[in-house]
Amino acid sequence: MAIWIEEDAKVLVQGITGKQGMFHADKMVEYGTNIVGGCTPGKGGMTVDLQSNPYPVWNSMFEAIEATDADATVIYVPPPFAAEAIMEAADAFDQIKGEGVVVCITEGIPTLDMVKAVAFVDNRPGVRLIGPNCPGIITPGNNGGAKIGIMPGHIHAKGRIGIVSKSGTLTYEAVAQTMSIDEGQSTCVGIGGDPVNGTGFIECLAAFEADSQTEAIVMIGEIGGNAEQEAAAWAKENVTKPIVGFVAGATAPPGKRMGHAGAIISGGKGTAEEKFEAFEAAGIACARDPSELGAVLLESLKAAGLR
Amino acid sequence: MNIHEYQGKALFKQHGVRVVEGVHCTSVSEALDAYDHLQSKVVAVKSQIHAGGRGKGNLYSPGSRDLVMEGGVKIAFSKEDVGTYSENILGNILVTKQTGEEGKLVKHLYVESGCDIAHEYYLALLVDREQKSVLIMASTEGGMDIEEVAEETPELLHKLNIDPNAGLMGYQIRDLGLALGLQGAAHKSFGKMLKALYSLFLKEDCAMVEINPLVRSSDDEMIALDAKVSFDENAEFRHKSWDDIRDLSEEEDVEIRAKETGLSYVKLDGNIGCLVNGAGLAMATMDVIKLYGGEPANFLDVGGGANEEQVKTAFSIILEDPNVKGVLVNIFGGIMRCDIIARGVIAATESLGLTVPLVVRLAGTNVDEGKAILAASTLNIHPADDLAEGAQKIVELIGGEV
Chain A
1 MAIWIEEDAK
11 VLVQGITGKQ
21 GMFHADKMVE
31 YGTNIVGGCT
41 PGKGGMTVDL
51 QSNPYPVWNS
61 MFEAIEATDA
71 DATVIYVPPP
81 FAAEAIMEAA
91 DAFDQIKGEG
101 VVVCITEGIP
111 TLDMVKAVAF
121 VDNRPGVRLI
131 GPNCPGIITP
141 GNNGGAKIGI
151 MPGHIHAKGR
161 IGIVSKSGTL
171 TYEAVAQTMS
181 IDEGQSTCVG
191 IGGDPVNGTG
201 FIECLAAFEA
211 DSQTEAIVMI
221 GEIGGNAEQE
231 AAAWAKENVT
241 KPIVGFVAGA
251 TAPPGKRMGH
261 AGAIISGGKG
271 TAEEKFEAFE
281 AAGIACARDP
291 SELGAVLLES
301 LKAAGLR
Chain B
1 MNIHEYQGKA
11 LFKQHGVRVV
21 EGVHCTSVSE
31 ALDAYDHLQS
41 KVVAVKSQIH
51 AGGRGKGNLY
61 SPGSRDLVME
71 GGVKIAFSKE
81 DVGTYSENIL
91 GNILVTKQTG
101 EEGKLVKHLY
111 VESGCDIAHE
121 YYLALLVDRE
131 QKSVLIMAST
141 EGGMDIEEVA
151 EETPELLHKL
161 NIDPNAGLMG
171 YQIRDLGLAL
181 GLQGAAHKSF
191 GKMLKALYSL
201 FLKEDCAMVE
211 INPLVRSSDD
221 EMIALDAKVS
231 FDENAEFRHK
241 SWDDIRDLSE
251 EEDVEIRAKE
261 TGLSYVKLDG
271 NIGCLVNGAG
281 LAMATMDVIK
291 LYGGEPANFL
301 DVGGGANEEQ
311 VKTAFSIILE
321 DPNVKGVLVN
331 IFGGIMRCDI
341 IARGVIAATE
351 SLGLTVPLVV
361 RLAGTNVDEG
371 KAILAASTLN
381 IHPADDLAEG
391 AQKIVELIGG
401 EV
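If you read the sequences in order, they're chains A and B.
The first sequence maps to residues 1 to 307 in the working numbering.
The second sequence maps to residues 1 to 402 in the working numbering.
It should be emphasised that the hints constitute simulated quantities derived from the structure, not laboratory data.
There may be inaccurate statements among the hints.
[Stated by the list, open to error] Covered stretches of chain A (in silico footprint by chain B; criterion: 3 or more residues with CB under 8 Å from a CB of chain B, positions within the stretch not fixed):
hint : segment
1    : 150 to 161
2    : 165 to 172
[Said to hold, decoys possible] Subject to a maximum C-alpha distance of 27 Å in a straight line, what follows is the list of computed DSS-like cross-link-like pairs (lysine-lysine):
hint : chain 1 : residue 1 : chain 2 : residue 2
3    : A       : Lys27     : B       : Lys371
4    : B       : Lys325    : B       : Lys393
5    : A       : Lys256    : B       : Lys159
6    : A       : Lys256    : B       : Lys192
7    : A       : Lys256    : B       : Lys79
8    : B       : Lys267    : A       : Lys269
9    : B       : Lys56     : A       : Lys256
10   : B       : Lys56     : B       : Lys107
11   : A       : Lys19     : B       : Lys240
12   : B       : Lys192    : A       : Lys269
13   : A       : Lys269    : B       : Lys107
14   : B       : Lys259    : A       : Lys19
15   : B       : Lys371    : A       : Lys269
16   : B       : Lys159    : A       : Lys269
17   : A       : Lys256    : B       : Lys371
18   : B       : Lys290    : B       : Lys240
19   : B       : Lys56     : B       : Lys79
20   : A       : Lys269    : A       : Lys256
21   : A       : Lys19     : B       : Lys56
22   : B       : Lys393    : A       : Lys269
23   : B       : Lys192    : B       : Lys13
24   : A       : Lys158    : A       : Lys269
25   : B       : Lys13     : B       : Lys325
26   : B       : Lys228    : B       : Lys267
27   : B       : Lys188    : A       : Lys256
28   : B       : Lys312    : A       : Lys256
29   : B       : Lys97     : B       : Lys290
30   : B       : Lys203    : B       : Lys13
31   : A       : Lys19     : B       : Lys312
32   : B       : Lys203    : B       : Lys159
Quick caveat: nothing in here was measured; it's all calculated off a predicted structure.
Beta carbons: idealized from backbone N, C-alpha and C, even for Gly.
Let's have the full structure, built from the sequences with the hints guiding it.
Below, the structure is given as C-alpha cells:
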C-alpha cells in the first residue's frame with residue numbers, strides 16, 4: 001500500500017500534446033508510470049509518441065476516462081485554462097467512476113479561479129485534487145512505480161517514509177535526505193505553494209497515519225498562512241507515527257512574496273518561527289537545516305524502535 | 001500588484017461604489033486648479049504612495065532628510081492651505097510605519113472634497129486561504145489599525161465567508177449591516193455598496209480591497225473615503241488595462257527586470273548572494289546561510305527549467321548589489337540538469353569577471369557530470385556536497401565581514 005496512488009495506477013495527461021505535457025509524459029513513461037493516454041481538446045484521435053510507443057489522445061476527459069478507466073490525471077495546461085481542466089477532470093471522474101485523483105502541476109493560476117475550482121472539486125467527495133503549483137505525487141515501486149508530476153524519478157526508492165511538502169526542489173532535498181540514511185519513500189506528495197489549493201497537510205497526515213507501508217513522516221512547510229500550525233495541532237491528537245519537520249523562510253522579510261504566490265508573511269502572521277513553534281509543541285522533531293533532516297529522521301526512527 | 005488610492009477610487013466609481021469627488025494631481029498648480037474645480041470649502045490633500053499609514057507619516061526633504069511636514073494626509077481649509085500642503089508633499093519623501101526608514105518619494109497627489117462624517121467603519125474583502133473563499137471583514141471601529149482591533153476587541157470585527165457556488169447572499173448583507181448597527185437608508189446604502197464591491201472584487205481579480213475608513217455621511221450615505229486595492233498578479237493575462245495603471249516607480253527596478261527574464265528575485269540586506277532553483281529551496285538556502293552565521297543578500301529562484309542565459313542574468317543581478325561579498329549557488333537538479341547549470345555558471349562567471357568567492361553545490365540529475373565540469377575549469381569555484389557544507393564554506397570564505 002501507499003497513499004492515493006498505487007504503483008500501477010492508470011494515468012492520463014491533460015495537455016499531452018503541449019511542449020511541457022509531452023516532455024513530462026515521456027519522463028513518466030520512462031520511470032515506469034502506467035500512462036494510458038492523454039487529452040487535448042481538438043486533437044482527439046491523434047497519437048503521441050512516448051519512449052517510442054504511440055499513446056492515444058482524446059478530445060475530452062469524459063471520452064478519455066470512458067476508454068481507459070484511468071485512476072488519475074495530471075494537468076500541464078497553461079494558467080488561463082488550468083482551472084477549467086481541473087473541473088473537467090473532476091466532473092468526468094465523478095460521473096464515470098465516482099472517484100479519481102487530479103494532479104495539477106500548472107503554476108500561475110488566478111487565485112479566484114482556484115477558489116471556484118476547489119469548491120467544484122469539494123462537491124465531488126470521491127475526487128481528490130493535488131496542487132496546483134506543485135511537483136506532483138510519486139509512489140516509488142520495486143521496479144519503476146507511479147510518478148505523476150515533474151519530480152526526478154531516479155532519486156526515489158520504495159520504502160516506508162511518507163513525505164508531504166509545499167515545495168518542489170526542497171522536497172527532492174528531503175527525499176535525498178531519507179536516502180542518505182538508507183530509507184525509501186512510501187508516497188511523496190507536493191501540495192503546492194499557492195494560497196488556495198486542493199489537498200492539504202492534514203489530509204496527507206491522515207492518509208499516512210492510516211497507510212500500513214508508511215512508518216514515519218517528513219513534513220516540509222514554508223512561510224504564509226497557517227496550514228502548518230493547524231496540521232501540527234491535528235497531528236498531536238491524531239498521528240502516532242514519528243513526524244520530522246522543516247519550515248522554509250525563517251529569513252524572509254515580511255510583506256514580500258518569496259517566489260510562491262502563497263509564501264508571504266502578512267500582518268506579522270505566517271512566520272517560520274511561529275510554524276516551528278507549532279511543530280515543536282506538537283512533538284514534531286524539527287530540523288533547522290534541511291541538510292539535517294536525515295539525521296533527525298534517523299534519531300526519530302531509533303527513538304520509535306524502528307531502527 | 002498594488003495601485004494608488006486615486007486609481008482605486010476611479011475603479012470604485014466605475015463599479016458603482018460611492019466615493020466623494022476628487023482630482024489626481026502631479027504638480028502644485030494642478031492641485032490649486034483642483035481646489036477651484038471641486039468647489040468644496042474643505043478638501044483633503046492626500047499623498048499617493050503604495051503604503052499605508054500615510055496620515056501618521058512624516059515628509060522629509062530627499063537631500064537633507066530634514067523634516068518638511070508632519071502627516072502625509074492634510075485637511076485644507078483654503079486655497080493657500082492646498083498650495084502649502086501640496087508643495088510640502090510633492091517631491092518629498094514620505095516615511096510611514098509601512099515604508100521603512102528609507103520612505104517613498106511622493107509623485108502623486110489626490111485632492112478630494114470634504115465630507116460630513118457621522119461615523120467611521122472598516123471594510124475589507126480578501127481571499128481567505130484557510131476557508132478557500134472570499135472573506136468580507138467589517139467593523140464599527142473605522143480609522144483604527146485593524147490588526148489592533150482584531151487583537152484587542154475581536155468581537156467588534158465581523159467576518160463573512162462567501163460560498164463561491166452561491167455568491168454573496170441577501171441575508172448575509174442584511175446580517176452584516178445589522179452587526180454594524182446600520183439602519184434605514186444607511187443599511188440600504190451599505191447593501192448596495194457591498195454588492196458592488198463583491199462584483200468588483202471578482203471581475204477585477206483583486207487580491208484585496210480595503211476601505212479604512214468607510215464612512216456614513218450625515219445624510220446616511222455609505223461612502224468609501226479610502227481605497228486600498230491590490231490585484232492578483234496571476235490574473236494579469238486577462239487584464240490588459242493593468243499595464244496602464246501599474247506604477248513601476250513603486251516597484252524595485254531590479255525585481256522587475258528579474259521577473260521579465262522569468263526569475264524571482266527579492267533583495268535583502270546581507271552580503272551573500274544566492275542562486276537557487278525552486279522557491280522553497282531558495283528560502284531554505286537563505287535560512288541555512290543565516291544559521292551558519294552569514295547574512296543572505298537576496299532571494300533568487302531561477303525556476304525549474306532555467307537555461308544558460310537565465311543563469312547569466314541571475315548572476316549579473318546578484319552582482320549588481322555592491323554589498324555582495326560572495327555567492328552560493330545551490331541547485332537540486334530535477335528537470336534541470338546539473339551539467340547545464342555547471343556550464344552556465346562557468347560562462348556567466350567568465351563573461352562577468354567574477355571577483356568574489358563562489359561556492360557551488362550541485363545535487364540530483366547529472367550531478368557527476370556537473371561536478372566534473374566545475375572541477376575541470378580553471379576558475380576559482382569551491383564545490384560543496386550538501387547545503388550545510390555550502391553555507392559554511394561561503395561564510396568562511398568571506399570571513400570576518402559577516
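Structure-based check of all given hints:
1. 150 to 161: That given contact holds, which follows from 5 residues of the segment 150 to 161 of chain A lying within Cβ reach (below 8 Å) of chain B.
2. 165 to 172: holds (count 8)
3. A/Lys27 / B/Lys371: Holds - the C-alpha atoms of B/Lys371 and A/Lys27 are around 24 Å apart, at most 27 Å.
4. B/Lys325 / B/Lys393: Between B/Lys325 and B/Lys393 the Cα gap is close to 13 Å, so the pair holds against 27 Å.
5. A/Lys256 / B/Lys159: Holds: A/Lys256 and B/Lys159 sit about 25 Å apart, inside 27 Å.
6. A/Lys256 / B/Lys192: violated (34 Å)
7. A/Lys256 / B/Lys79: violated (40 Å)
8. B/Lys267 / A/Lys269: Since the Cα atoms of B/Lys267 and A/Lys269 sit roughly 21 Å apart, the hinted pair holds (cutoff 27 Å).
9. B/Lys56 / A/Lys256: Distance ~23 Å between B/Lys56 and A/Lys256 Cα, so the pair holds.
10. B/Lys56 / B/Lys107: Judged against 27 Å, a Cα distance of about 18 Å means the pair holds.
11. A/Lys19 / B/Lys240: holds (26 Å)
12. B/Lys192 / A/Lys269: violated (32 Å)
13. A/Lys269 / B/Lys107: violated (31 Å)
14. B/Lys259 / A/Lys19: holds (22 Å)
15. B/Lys371 / A/Lys269: violated (41 Å)
16. B/Lys159 / A/Lys269: Given pair B/Lys159, A/Lys269 holds - Cα atoms ~18 Å apart, limit 27 Å.
17. A/Lys256 / B/Lys371: violated (34 Å)
18. B/Lys290 / B/Lys240: Status violated; Cα separation ~41 Å.
19. B/Lys56 / B/Lys79: Holds: B/Lys56 and B/Lys79 sit about 23 Å apart, inside 27 Å.
20. A/Lys269 / A/Lys256: holds (12 Å)
21. A/Lys19 / B/Lys56: Cα-Cα ~53 Å, so violated.
22. B/Lys393 / A/Lys269: violated (33 Å)
23. B/Lys192 / B/Lys13: holds (13 Å)
24. A/Lys158 / A/Lys269: violated (37 Å)
25. B/Lys13 / B/Lys325: violated (51 Å)
26. B/Lys228 / B/Lys267: holds (25 Å)
27. B/Lys188 / A/Lys256: violated (38 Å)
28. B/Lys312 / A/Lys256: holds (24 Å)
29. B/Lys97 / B/Lys290: holds (26 Å)
30. B/Lys203 / B/Lys13: holds (14 Å)
31. A/Lys19 / B/Lys312: Holds. A/Lys19 to B/Lys312 sits at ~24 Å (cutoff 27 Å).
32. B/Lys203 / B/Lys159: Cα-Cα ~22 Å, so holds.
The structure fails hints 6, 7, 12, 13, 15, 17, 18, 21, 22, 24, 25, 27 (numbered hints given earlier, in ascending order).
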